[in-house]
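Asks: Those sequence lines, one after another, are chains A and B. Read in order, the letters of the first sequence correspond to residues 1 to 166 in the numbering used here. Read in order, the letters of the second sequence correspond to residues 1001 to 1317 in the numbering used here.
To be clear, the hints were calculated from the coordinates, so they are not data collected in a lab. Accuracy of the hints is not assured; some may be wrong.
[Unchecked claim] Quick look at which bits of chain A chain B covers, simulated, 3 or more residues with Cβ under 8 Å:
#: 1; region: 53-62
#: 2; region: 65-71
#: 3; region: 74-82
Glycine is no exception: its CB is placed at the ideal position from the N, C-alpha and C atoms.
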Amino acid sequence: MTLPNAENLIESLKNKINTIIDSNTVLIGVQRGGELILQKILPDLRQHLATGSIDTSFYRDDFSSRGLKIKNKPSKIDTEIDGKNIILIDDIFSTGRTVRAAMNEIFDYGRPSKIILAVLIDRNEQELPITPQIYIEKISLPKNQHLELAFDQNKKFIFQLKENNV
Amino acid sequence: MFNPQLNDKGNLNHLLSIEGLSKEKIIQILDTAESFLKIGERDVKKVPILRGKTVCNVFFENSTRTRTTFEIAAKRLSADVINLNVATSSQSKGETILDTINNLIAMNADIFVVRHSSSGAAHFIASHVKPNIHIINAGDGNHSHPTQGLLDAFTIRKYKTNFNNLKVAIVGDILHSRVARSNIHALNILGVPEIRVIAPKTLLPYEVEKLGVHVFHDIDKGLKDVDVIMMLRVQNERMDGVMLPSQEEYFKTYGLNESRLNLAKKEAIVMHPGPMNRGVEIDSAVADSEQSVILPQVTFGIAVRMSVMAILAGQYS
């Protein structure tokens, strides 16, 4: 299959996010993909916003079967989030479990007034009553494959199709 | 070689000693601790990772600091914690260690943090429990205190970034110190090129050089140009008799004062596992100086213990 053009999807996501932000918005990237997207779009947003990043390792629901696998930097939300409108950014939305973990962690930092989920791709694999308010494309993939955001030799974003190694 | 700390997949199932840990495993524990350190800085200092698990602190020998930091670490991971001061309870009624532990397993405890005055106690318990039970050695006799070794390594990495170029001096009662042994093993595994031990002959183990250390009896020579000074507590109970003359005499010959600190590198750090005896092994001015990292060690100790418990509980990692 031809993989979607990651740069184009990120550009579209940026445009959509640009229409809904205001001074009360906080952007939070889910590591690793969401954080990369956040850093990429941040300079081109129409206003300066507070940001944070989340590594959901300590909040995952599969700890007892999968253990702890920390590859990312620690979560970092240095800004006040009480009463804020959070836009949670991730690259791929599949089951909703990562988003659940991220939301649980966010609530340990404070009580936002609203959380919106914005992703590049929705894989149609929802397992929880959680769904992205903003997505650019819907793609169905075999369960044993996943898409990963990476860089090509020109430092442009690309998608790589990988087999799950479990 | 059989390694009682690892399960059949090669993952860490117990933490009994630093010996037998690979460099990669130690680095994984330190890296994970880095993430847990951030949790301690938040308003809500808790993550749900050990929710529903029960951690038993079983201390056959008294300790306040170690037990408290294990307790805080377990609670920040959302575990339920039970503290048993066995020194004052069932053992005095004649119960064996294994019976004490088996009773706690019958209460469905998952992780045991064990301190005992006999070397090998944690190994002994680990070899008698089912694989879903995890044992952490919180100090056994003169043998090992692995979480202290790990938190000291974490502290050194925090201030010195890496281990490849360091001269580290360990000063004091090496003979009776499980902290010193764990640190010597950890620093050797992590690739510290020069580890010095500084002590009178009476406080050094026989053939200590075989652990991979340089021996100094003169503290002024031993501290020259070191990057890290680890002071050990003088155990007051050893002061009378053959081992040591008096507190004053010890401070004069082996105490870390400001002029001795100046022999080390300018940016050298001073560490101490606590509780410290001011005016015996360390001068107050040094303990409170900018170079002292004794209190950060305590903070880092919680993150490192969280890391160890989380890695043991998630054996698949």
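Asks: If a hint holds in the structure, say so; if it does not, say that too.
Replies: Do the hints match the structure? See the list:
1. 53-62: With 4 residues closer than 8 Å to chain B, the region 53-62 of chain A meets the three-residue bar; holds.
2. 65-71: With 6 residues closer than 8 Å to chain B, the region 65-71 of chain A meets the three-residue bar; holds.
3. 74-82: holds (count 3)
In this structure, every one of the numbered hints holds.
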